[in-house]
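Chains A and B, in that order, give the protein sequences.
Numbering follows this note's numbering, in which position 47 of the first sequence is assigned residue number 47; successive positions increment by one, without gaps.
Each number in this note's numbering corresponds to the 1-based position in the second sequence with 138 added.
Rather than coming from a laboratory, the hints here were simulated on the basis of the structure.
Incorrect hints may appear among the rest.
In silico PhoX-like pairs for lysine-lysine, Cα to Cα no more than 25 Å straight-line [to be verified]:
#	chain 1	residue 1	chain 2	residue 2
1	B	Lys-149	A	Lys-49
2	A	Lys-66	A	Lys-37
3	A	Lys-45	B	Lys-149
4	B	Lys-199	A	Lys-44
5	A	Lys-54	B	Lys-199
6	B	Lys-182	A	Lys-54
7	A	Lys-44	B	Lys-182
8	A	Lys-44	B	Lys-149
9	A	Lys-51	B	Lys-199
10	A	Lys-54	B	Lys-170
11	B	Lys-170	B	Lys-195
12	A	Lys-45	B	Lys-170
13	A	Lys-90	B	Lys-199
14	B	Lys-195	A	Lys-49
15	A	Lys-49	B	Lys-199
Here's a subset of chain A near chain B, in silico, CB distances under 10 Å, partners left out [claimed, not checked]:
#	residue
16	Ile-27
17	Ile-35
18	Leu-36
19	Lys-37
20	Val-50
21	Tyr-58
22	Leu-60
23	Ser-86
24	Val-89
Beyond 12 Å from chain B on every Cβ pair, some chain A residues (computed) [to be verified]:
#	residue
25	Ile-7
26	Thr-15
27	Asp-18
28	Lys-22
29	His-23
30	Asp-26
31	Trp-41
32	Lys-44
33	Leu-46
34	His-53
35	Asn-64
36	Ala-65
37	Ser-67
38	Thr-72
Backbone N, C-alpha and C fix where the C-beta goes; we use that ideal spot for every residue, glycine too.
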Amino acid sequence: MYEALFIIDNARANTEWDAAIKHIQDILHKNGAEILKTEKWGEKKLAYKVKGHKRGTYLLVHFNAKSTAIPTLRRDFQLSDYIVRSLIVKDDKIEELSQIVPVEGAAPAVVVGKEVVEVPEISLLTEEVVSAKVTDNV
Amino acid sequence: MSKKQFNKTSKCRFCRMGADDIDYKDTQNLQKLTTSQGKLFSRKRSGNCARHQHSVKLSIKRARFMALLPFVA
Chain A
1 MYEALFIIDN ARANTEWDAA IKHIQDILHK NGAEILKTEK WGEKKLAYKV
51 KGHKRGTYLL VHFNAKSTAI PTLRRDFQLS DYIVRSLIVK DDKIEELSQI
101 VPVEGAAPAV VVGKEVVEVP EISLLTEEVV SAKVTDNV
Chain B
139 MSKKQFNKTS KCRFCRMGAD DIDYKDTQNL QKLTTSQGKL FSRKRSGNCA
189 RHQHSVKLSI KRARFMALLP FVA
């Protein structure tokens with residue numbers, strides 16, 4: 001079970017949101033991922049400039065994929081024009097999604113409402129650093 | 139004279155909440171564990187146990203990477 005968070009180019013997200021979502025889904029499907037949930041956080045101000053962008057639209061995706069697919073996924077996301085930045089994190093225990101940001105429903109076709117499965121006690125860090133490389137550089 | 143006694147029985151804030159791990163998306167709570175400059179609070183300052191301090195560190199660094207929290211404010 002993986003969790004991906006994307007910052008999508010704001011200008012493109014406003015004008016061609018459906019295309020942007022489809023683009024991301026296509027990349028995921030191409031690599032044999034099964035999308036469980038897609039959630040739009042909406043437009044937010046970035047804490048600092050990322051590739052010249054001051055604002056961005058956040059998109060959260062939960063998906064299942066083979067671990068071997070992750071490096072190619074990560075590279076595809078990096079090459080994408082829509083995506084300013086992405087983070088993929090392994091998460092065995094997907095909780096009820098964030099109450100932080102009021103959630104606007106993503107495009108109806110996008111949401112695959114799969115119930116969250118209860119996972120027994122998990123020791124220590126359940127999130128394994130899939131993106132160790134990325135975070136270490138930080 | 140009356141130095142504030144450190145209560146050894148008290149647990150860290152996440153232990154008290156019974157939190158397993160800390161979500162990097164929860165920026166409102168993570169922000170409380172950073173200085174106004176955006177630096178991480180020390181373990182002594184935040185009162186976290188080793189396990190949760192590790193988790194906080196990782197979460198804040200992830201949040202910074204995704205521009206949810208500043209590197210330098």
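Here is what the structure says about each hint:
{"no.": "1", "hint": "B:Lys-149 with A:Lys-49", "verdict": "violated (38 Å)"}
{"no.": "2", "hint": "A:Lys-66 with A:Lys-37", "verdict": "holds (17 Å)"}
{"no.": "3", "hint": "A:Lys-45 with B:Lys-149", "verdict": "violated (35 Å)"}
{"no.": "4", "hint": "B:Lys-199 with A:Lys-44", "verdict": "holds (19 Å)"}
{"no.": "5", "hint": "A:Lys-54 with B:Lys-199", "verdict": "holds (19 Å)"}
{"no.": "6", "hint": "B:Lys-182 with A:Lys-54", "verdict": "violated (35 Å)"}
{"no.": "7", "hint": "A:Lys-44 with B:Lys-182", "verdict": "violated (33 Å)"}
{"no.": "8", "hint": "A:Lys-44 with B:Lys-149", "verdict": "violated (35 Å)"}
{"no.": "9", "hint": "A:Lys-51 with B:Lys-199", "verdict": "holds (19 Å)"}
{"no.": "10", "hint": "A:Lys-54 with B:Lys-170", "verdict": "holds (24 Å)"}
{"no.": "11", "hint": "B:Lys-170 with B:Lys-195", "verdict": "holds (13 Å)"}
{"no.": "12", "hint": "A:Lys-45 with B:Lys-170", "verdict": "holds (19 Å)"}
{"no.": "13", "hint": "A:Lys-90 with B:Lys-199", "verdict": "holds (16 Å)"}
{"no.": "14", "hint": "B:Lys-195 with A:Lys-49", "verdict": "holds (22 Å)"}
{"no.": "15", "hint": "A:Lys-49 with B:Lys-199", "verdict": "holds (16 Å)"}
{"no.": "16", "hint": "Ile-27", "verdict": "violated (18 Å)"}
{"no.": "17", "hint": "Ile-35", "verdict": "violated (18 Å)"}
{"no.": "18", "hint": "Leu-36", "verdict": "violated (16 Å)"}
{"no.": "19", "hint": "Lys-37", "verdict": "violated (14 Å)"}
{"no.": "20", "hint": "Val-50", "verdict": "holds (5 Å)"}
{"no.": "21", "hint": "Tyr-58", "verdict": "holds (8 Å)"}
{"no.": "22", "hint": "Leu-60", "verdict": "holds (8 Å)"}
{"no.": "23", "hint": "Ser-86", "verdict": "holds (9 Å)"}
{"no.": "24", "hint": "Val-89", "verdict": "holds (7 Å)"}
{"no.": "25", "hint": "Ile-7", "verdict": "violated (7 Å)"}
{"no.": "26", "hint": "Thr-15", "verdict": "holds (22 Å)"}
{"no.": "27", "hint": "Asp-18", "verdict": "holds (23 Å)"}
{"no.": "28", "hint": "Lys-22", "verdict": "holds (22 Å)"}
{"no.": "29", "hint": "His-23", "verdict": "holds (19 Å)"}
{"no.": "30", "hint": "Asp-26", "verdict": "holds (22 Å)"}
{"no.": "31", "hint": "Trp-41", "verdict": "violated (9 Å)"}
{"no.": "32", "hint": "Lys-44", "verdict": "violated (8 Å)"}
{"no.": "33", "hint": "Leu-46", "verdict": "violated (4 Å)"}
{"no.": "34", "hint": "His-53", "verdict": "violated (9 Å)"}
{"no.": "35", "hint": "Asn-64", "verdict": "holds (20 Å)"}
{"no.": "36", "hint": "Ala-65", "verdict": "holds (19 Å)"}
{"no.": "37", "hint": "Ser-67", "verdict": "holds (19 Å)"}
{"no.": "38", "hint": "Thr-72", "verdict": "holds (20 Å)"}
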